[in-house]
Structure formats: C-alpha cells, structure tokens
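A.B. asks: Sequence:
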Amino acid sequence: MIVTDYKPEEKTVIDIENNKDEIIKTNSDLSITTFNIGYGTMDDTVDFFMDGGVMSRGTSEKKVLENLAVIEKIIKDLNSDIIFLQEVDVKATRSYKVNQLERIKKSFSDYSTNFAINYKVPWVPIPIFKPHGQVLAGLTTLSKFNLESATRHDLPGKSSFFVQLADLDRAMVINRLAVDNGKELVAINAHLSAYDKGGAIRKVQLGYIKSILEEEYLKGNYVIIGGDWNQQIPGTNAFDFTTTEKWPEWLQDIPEDFVPSGYSWAYDKTIATSRTVATPYIKGENLTSIIDGFLVSDNIEIISTRGTDQDFKYSDHNPVTVVFRLK
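Per the UniProt record's numbering: the sequence shown = residues 1 to 327.
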C-alpha cells in the first residue's frame, strides 16, 4: 500500500446544502456556538496516542453512537443561529465508519450546511498494533440564515510527513452571510495546529488569519472567527482550574500582539473548553484550559459568552456560545 496525505489547494469554494433564504437583520440578537465534537470518540474514558496515550480509536461503535446522540442534543438545546463544528468524521476507522456528517444534516435539517475536508488519508499506519486507519473528516458549519458563499482556506505550515500523516490539514472556512443593511457577516470556522514543537506553525497560521481579519475589517464587514485555536486564549490560565498535571509541551499561549486593531476576544473564563488526553479524564487531575472561543470585530456588540460544561463526558472539548448584535 502507498500511504498518501491529502494536499488541498490554498482556497477551495465548497458546496452549500439546504441553503435557507432568510438574511440577517441588524436589530436582532444572534448567536454562534463552536464545538469540537472529537469525532464522537473522545469521551472521558479514552486517551489518544498522539498526545502520549495509547488509544487510536473509540471504544466501540455503540459508544460512538451514544456520544453523538448526546452531542446532537446539546447542540439542539443551545439552539444557536450559526454552529461551527470541528472533527466531524464522514468515514473513519477510529469512529467505526459512522457517517457523522449525514447524521448532523438529518438532525439539523432546518439549517444551511457546508462541510470542508481537513483530514483525508486512506490509511494511517500508526500505532503499529492498532492503526488509526482510514480517515475522512472535516469542519461543518450550520446556519439558520442564507449562506452567500463558503470558502475553505488551507492554513499554512505543515509538519514532517509522518507527523502530518497522523494529523489534520488545518483549515478554516470563511462563510459569508448577507445583512439587511447591505454589509456582510463574515463567520469563520477555524481549527489550528496542535503538534508543532514550540508553536512555530501556529504562529504562521495566526499571521495568515490576522491578514484576512484586517482585510475584512477594512471592507467594513462584521467579522467573527471562532473554533478550536489549539492555543490558550489571552486572559486565561489553565492553572485557574484544579489539576495535578504539569504544563503540557503542546499548549502554547496565543501572543497578545496577534489581535488585530478593532477586534476583541469573546470567551467564558469560568468554563474550561479542552482537556489533556494523555490519560482518560479524571476531574481535578487532567489539565484543562480555554482554547475554544471567538475573536470579534468592534462593529459587533458582544452581549454574552457562555461555555456549556459537560465535564468532558462526550468529547474532549466543551462548546462555547457567543450572543451578539450587529451595530
């Protein structure tokens, strides 16, 4: 077998399914949720081989289906206008070939939907005795409003071949939504790198993102980028949450000077959004941190930002929801 890795173009226009007609009104409260669903396998009973654990797959198909059912209910209960999901499997050995994208589209049939591949490998041959196997996965965006367009942007910087083979092709999806005042809401679903030593690749990715945020701001658009940053958000500290672990090598801080002029962070300082996965989760032992949240342009009023604490029972991330109003 020849093992190959997916090599996408820098920009790819992606299809929008079930597109709705409604456009955004400036005088209404709106909400976006971001949630890394951990491909339905990263519940509190598992660890992960890329982070120092031994497991490469979920415990069983039954458990994957149970996790997904609860994850779908959590998202439904939040009832957000726009939803950013990361780590959604379409066909993967690790999640027993459960097509999570199709489940999500059926469960959220009243939403516009798009999907961007960020992991496509015919076979990951590690770990040797129980390989990670086939993976087809990506980011999904759901919207109650019309999506004018959706473009996948490949984030720059790649790891060595074998590390990259077991890692995602990091990406973000720029969704454009019409607003009744003639402007656009640019809603960006992002998933940055995690395994680059010293955060060197992440710094390159942040530079790429910053240039796009500055460009959209100059156009006068409303801009929100949210997702899994895989870096600690400024103003937060993992040691604010009880842990017996040391600081993990992979966890870097987003530099304070990354934030473009005219933008500010939106996060819930009281709810950790991610846990370490070198071991199964034990509350008070695993290190937890805030790496999921939003960066918002100043022509948007942030009304509230709230994490939903699931104690990492169904995913190694917690969802975060921002409520806002366009000025």
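Don't take each hint at face value.
What the hints assert, rightly or not - With a cut-off of at most 25 Å between alpha-carbon atoms, the simulated SDA-like pairs for lysine to any residue come out as follows: (1) K25 - D311; (2) K105 - M55; (3) K327 - R57; (4) K7 - K183; (5) K76 - K246; (6) K183 - A278; (7) K20 - S149; (8) K120 - P156; (9) K20 - K97; (10) K97 - D15; (11) K7 - P125.
It should be emphasised that the hints constitute simulated quantities derived from the structure, not laboratory data.
A.B. asks: Take the hints in turn and mark each one as holding or not.
C.D. replies: Here is how each hint holds up against the structure:
no. : hint        : verdict
1   : K25 - D311  : 35 Å, violated
2   : K105 - M55  : 29 Å, violated
3   : K327 - R57  : 45 Å, violated
4   : K7 - K183   : 34 Å, violated
5   : K76 - K246  : 36 Å, violated
6   : K183 - A278 : 45 Å, violated
7   : K20 - S149  : 12 Å, holds
8   : K120 - P156 : 17 Å, holds
9   : K20 - K97   : 29 Å, violated
10  : K97 - D15   : 23 Å, holds
11  : K7 - P125   : 18 Å, holds
This entry does not satisfy hints 1, 2, 3, 4, 5, 6, 9, going by the numbered hints stated previously.
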